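J.: Next come the chains, spelled out residue by residue.
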Amino acid sequence: MIYAQFFLGSIKRILIGSKVYYAWVLFLLALVLMGAFAYYDQVTTGLITTRMRDQVPWGLYIGNFTFLVGVAAAAVVLVIPAYIYDWGPIKEIVIFGELLAISAIAMCFLFVTVDIGRPDRVWHLFPIVGGLNLPFSILAWDVVVLTLYFLLNFSIATYLVYKAFTGKKYSTKIVVPLVLLSIPLAVSIHTVTAFLYSGIPARPFWNASILAPRFLASAFCSGPALIVMLLQVLRKTTSFKIQDEAIWKVAELMAYAMFLNLFLFGAEIFKEYYSDTHHLIFHEYAFFGVRGHNAIVIPVWTALIFQIAALVLFLIPRTRKNWITLNIGCVMIYLGVYIEKGLGLVIPGLTPDVLGEIYEYFPSWTELKVTAGIYAAGFLLFTFMVKIANSITLGEFQFEPKREGPAQQ
Amino acid sequence: MTVKHPLFDDPSRCADARSCTAADCAERASCQAGQRLPKLQASRRGFLKATAAAAAALSLARCGKDVFQGRFSELSKAEVKEIISGLEREYRKKYPVNRKGKQLITVTAEPPQPGVVFGYGLDLTRCIGCRTCVHACVDENNQSRKPQIQWIKVLELEKRRGVDLMHSDPYYNPPKVPEPGKYYLPVACQQCSNPPCTRVCPVKATWKEKDGIVVVDYNWCIGCRYCVVACPYGARHFNWAEPTVPEEEIEPNMHYLGNRPRMKGVVEKCTFCIQRVRAPVDQRTGKPAAERDQNIPGKGRYPACVEACPVGARKFGNLLDPKSEIRYILENKRVLVLKEELNTRPKFYYFYAT
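Read top to bottom, the protein sequences are chains L and A. Counting from 1, position 394 in the first sequence corresponds to residue 394 in the working numbering; the numbering is continuous, with no gaps. Counting from 1, position 244 in the second sequence corresponds to residue 653 in the working numbering; the numbering is continuous, with no gaps.
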């Protein structure tokens, strides 16, 4: 009874909203539809509709997958201070970090699915019925940790929201151990994703032990950048209270993470340029182009400049606490890391290819449309979950012991 | 293996589309499942195997697609036999005429022979970069003509630079080869003893056979292309679209793990012409079935590229046979392998004969 009411009430919450809400949902649905058509074309014709080829077998899809694993992992940036240091103001926004993680992982699964050549065989990746190549394949490990992380965050978020719905206090005996478990798991999803690349000796650009720490550092800026912006939107559009202090604290953590990220990047650049081996050609391709091939030079420099500029904005307390400069910094970090962890990581790793050929990859329209569709689907999921969670925590939608009806405000 | 069922030994019964009913298929499935269960240890594994067997039987009976076929390496001999005869029927119908006229298409799943590990030698002093091997390989292995897939890539390099892959040119196209100052380096799968490609496969769809050949189960590959990324030699190729081979160009002697037609969205690679080098063995005598076809005494035929090379730059043989030509080369010539520092331990040896 109570479950049914929770479930049906949640669906009702999704269906009812303001005009702005409907416009937003319709916009996302249109994008999803566009992506679905593009994907249908890709499935029927083959991945030849993308610009990936044998020389560059991975592209935009895997780049987005990598970036979003980072966004999902970053939920822990909020969890660590909230639960380990028991820092009050952040605690109330942890739930949104978790919902963001759930949406990001869902998008990761979608990106992997659209990338594979035989989506009809995706069940070969499932435990028991399929058969993962454990312990050897890092991709198999990634499937395992991402699934666990997804289930864990989904359980925590659902439990918290459900308890709020019934009007009871959640049990700390259940929540705290699960939340603490999510911290190492968040680190592991991004570490394993980094190992996916760094474990490939055929690609010297990736085959660096610094890759995993760099992944974590950059993720701990890009994920919170998104959260900081989303919290401001939530503050404006709902009656949800989020203290300025909480947002500034997150911004301060982002500054440390970005400094670490740039430091590790500098260490890598020193090693490559000072040793000046054959392997330098991949960095050369990324930053200056090789033999006239320079398709990603501009995006790569843009990403670097954005990250440095954002670090400056976030280090100075005055610009960190100014809403305009804070948001400019967030956008720059988000875009900077998006390029760096997307095309900026995947493409120079594969160009030139293992036999020295340069094939210049740049995404096709099909890839761009499918990618937009997946992001729209992810945002749609996030919007729905936030809508349910928000109306429950604000008391608009609560358990009615006798019969279902509009809640008293 | 206590249960014996008449259907099991008679693949023709279910093969006939008209007589094939749902009941037939169900019966066949349960019979296969029943046969396999007694010798399995864990019940879950048993269930899975039974399910896979049932699915394989169902697919072979043409009552469903091959979507639920199990992993090749886990199929029983009987299941393999059935899958193969199903494929033969399918291909014979699709390609009644082929490059050998009206020769019927045969598909084998010849296993590795004991005491054999294949090795390949390529004489860099002889290779003239004519690409005859590339096209012999395309023809023999039914590689897609459109979009074009070629398992062998010949690189043109400058003599003064040595083996410097980063300055190689795969698209060289002079009126006449060889060109002065240049040498040619054909690259295909190096059949590594420590292959990075099989390690990364998330679903165990590719593995190294006992005779050293690295193969792909085209029916299990999910097309994630992690192996393409991991291969240091660019030897793996993905079917970016539906592969096409004109009917009259189909090579009819096929191996399940080799040159049978592939499908869209899976990875393929050189198999040392597994359909040639693994000689069909006569079931009764245990000896090679067709003596006249053998280039390697008692061990099958040479790969197509070895046969096609006009200058004799390509050598092939059994590394475990001390009297083989490949062993002579390894013991007496200056030999190199590509990207030695990656510890892939190729069984494809480049050498200088003179």
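Calculated directly from the structure, the hints in this document are not laboratory data. Please note that a few of the clues may not be correct.
Cross-link-like lysine-lysine pairs, in silico, DSS-like; alpha carbons within 30 Å at most [as the list claims (entries may be wrong)]:
{"id": "1", "chain 1": "A", "residue 1": "Lys748", "chain 2": "A", "residue 2": "Lys732"}
{"id": "2", "chain 1": "L", "residue 1": "Lys369", "chain 2": "A", "residue 2": "Lys555"}
{"id": "3", "chain 1": "L", "residue 1": "Lys369", "chain 2": "A", "residue 2": "Lys673"}
All values derive from a computational prediction rather than experimental measurement.
J.: Each hint needs a verdict: does it hold in this structure or not?
T.: Hints, verified against the model:
no.: 1; hint: A:Lys748 <-> A:Lys732; verdict: holds (28 Å)
no.: 2; hint: L:Lys369 <-> A:Lys555; verdict: holds (26 Å)
no.: 3; hint: L:Lys369 <-> A:Lys673; verdict: holds (22 Å)
Against the hints set out earlier in the document, no violation occurs for any number.
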